Structures are given as structure tokens and as C-alpha cells.
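**Q** One-letter residues, chain by chain:
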Amino acid sequence: MDIVTKKKWDRAAANFDLMAGYGPEKRWAPFKERFFAQMGEGRILFLAVGTGLDVPFFPARRNIVGIDISDKMIEVARPRLDKYEGDIETHAMDVHDMSFEDGSFDQVFTSCTFCSVPNPVQGLAQLRRVLKPGGDLHMFEHTGSRYYPFKLMMNLMTPLSRRFGPDMNRDTVSNVEAAGFAPVRVEHVYLDVVKTIHATA
Amino acid sequence: METRPYFVFGDLLANAATGGFVGLVSSLVFGPAWNMMVAMFVGMAIGMVLSGPPAFGLGALFGAMEVMVPVMTTGMVAGMVVSMSAAMGEVTVAEGLRMGVLSGVGVMVATYVANAVIKQRTPKWTS
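Quick mapping for you: the protein sequence lines, in order, are chains A and B.
Each residue of the first sequence is one higher than the one before, counting from 1 in my numbering.
Each residue of the second sequence is one higher than the one before, counting from 1001 in my numbering.
Some chain B residues judged to face chain A by a derived CB distance under 10 angstroms, without partners named:
# : residue
1 : E1002
2 : F1056
3 : F1062
4 : M1065
5 : M1068
6 : M1076
7 : V1077
Hints were generated in silico from the structure; no laboratory data involved.
No experiment lies behind these values; they were computed from the predicted model shown.
Cβ atoms here follow ideal geometry from the backbone N, Cα and C, with glycine treated the same way.
One chain only, chain A, in its complex shape (with noise of 0.2 angstroms):
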């Protein structure tokens, strides 16, 4: 497990809902509503579970594997775990080296999460790896943008909000490509910042 990113996220776990828990989830509730709604019957694996902002969303009677690297985070999480109505389990996992057998998932859910993986490319061909061959890889992801001004100012950014957070200039529409995935489509939420992502392995 990368601990240097356990770390990182074990000391944001705290007052995570602080900056993320009210305008960011009232802002995108509209576009996690229907994004969320594309949970399927099958297994599906989410990451990364976080304080448990998205749980709310997910659709009731879904069976759902959750993960995160930081067990902190899943702490926090835990009480809107527990009010999820379906079946939810949770692992403190690196998503670099998870111990789920090949073919294990129908669908693959990320939020917000390929921001913060260290080596994304890496990542996503762990998830192709779990994800049965056709299986759907659904990411709501915010993403470095390719029109300038926004583009400099997100990779001036980035070196500081990497040291707290997220990186704010990630290609991850193109890192999804390099990880084997099929590309199906890919939809813009705010700008060509924030976006949907939908893949199959």
C-alpha cells in the first residue's frame, strides 16, 4: 500500500465534509443523481468510498463493493454506510493493488478519485483487471482542462492542492484509453473540467 497517500488522506478524513460536504455535493447533486442511477443489478465496485458523500445516491438494493486507501476516511464514512438500504462492504484497499480475483465486478463506479491516485494509468488497468470482459467502467472525475486560461491556471495550481489533495490538471480521459479501456463516451458537466466518463474493459 502507498503509504505516503494513506497519510495524505488519513489527515484530510477529518475535515473532509468541511470543504467537500456542502457546496461541492449540493452543486453536482443533479449530475451524481443520474450518474449514480446507472448502477446496474450485478456487482459493482466503487472507489473511493471517502467520507461516504456519494452513498446517498446509489440506488437502494445495489451490491456494492466500496474502497478506499485511507481507513479514516471509511470511519468517517461509516454512518451514511449505514443508512445505505442494500448490500455495501467496504475494504481499506490501494486501488494499485487490490486483492479482488480477476473478472469479480460487473460495473466499476469512481468519483472523484482518479485526481488523487497516484499513478492513474496504473490504477485504471487494476480496474479493467477486476472488471468482467465488457464490464462498464463509469467515472465522474474532474479533469486538467485543454483551454487556456483555465489550463495554466490549473497546472499552477496543481504543486500546491497536490500536497492536501487532489491534482488539478490530470488527463484522465486519455490516462482511461492508455489503461486498455474501450472508449463509450465522455459528457462535460462544468467546462471541460468536471465530466462523465463511461468506458468498458
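Based on these hints, arrange chain B on the given structure of chain A.
**A** Using the frame of chain A, we list chain B on its own:
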């Protein structure tokens, strides 16, 4: 385009307040003794640094990237506009504040337009 009043008001407040703050500080830092090009780059850098805390703080109330991206752009633009103006001739604190607020409102409107245009453009993948 964002139409929910809470977020539209939040975007306006965040950009106008940050622009005003950066403009005010820039009017105190820069003056006619500055070379205009040097003032521009230093002003942009100061604006970006000063806009960092409000970008993260107000983002907690009004949205993450939807606040951080325009507010930090506002800081950069307000710092650039006021520093260059001050290098060309004396800019009072009130004028710096006004120019900063107007820069913030301008960036917010420009970002709303850019958002509408970019969302209509075909993304990298289409189904």
C-alpha cells in the same frame, strides 16, 4: 448554464469579492514607478496567490471547481488589470477596488459563456 439562484449569487459574490480584494491590494502595491510589463507579471502572480484562500474557502460553500477555476482566474485578471493601470498612472484604493470588482464580474460572465460553449462542443469521445 448554472441557473440556481444560490449558486449564481455565490459565483457573483465569490468573483466580485475576490476581484475587489485583489484590486485593492494591487492598488497599494503598484504605482507609476513600476515598469508596466514587470507590473503585469507580478500583479498576475500576486492576484493568483491572494485568490487561493478565497477560492478554496468559498468553494466549500458554492462548489468546488465551479468556484476555484473562475475565482483564481479573477485573481490573475484583477491583479493584471490593476497593476498595469497603476503603472500607467496613479490608481486610488477605491479605483483599484472598483476595477477588481468589475474584473471579477467580467470573469464570471466569461466563464459562464465559456461553459455553455464548451459543453456544446463534441467531447473527445462520443457514442
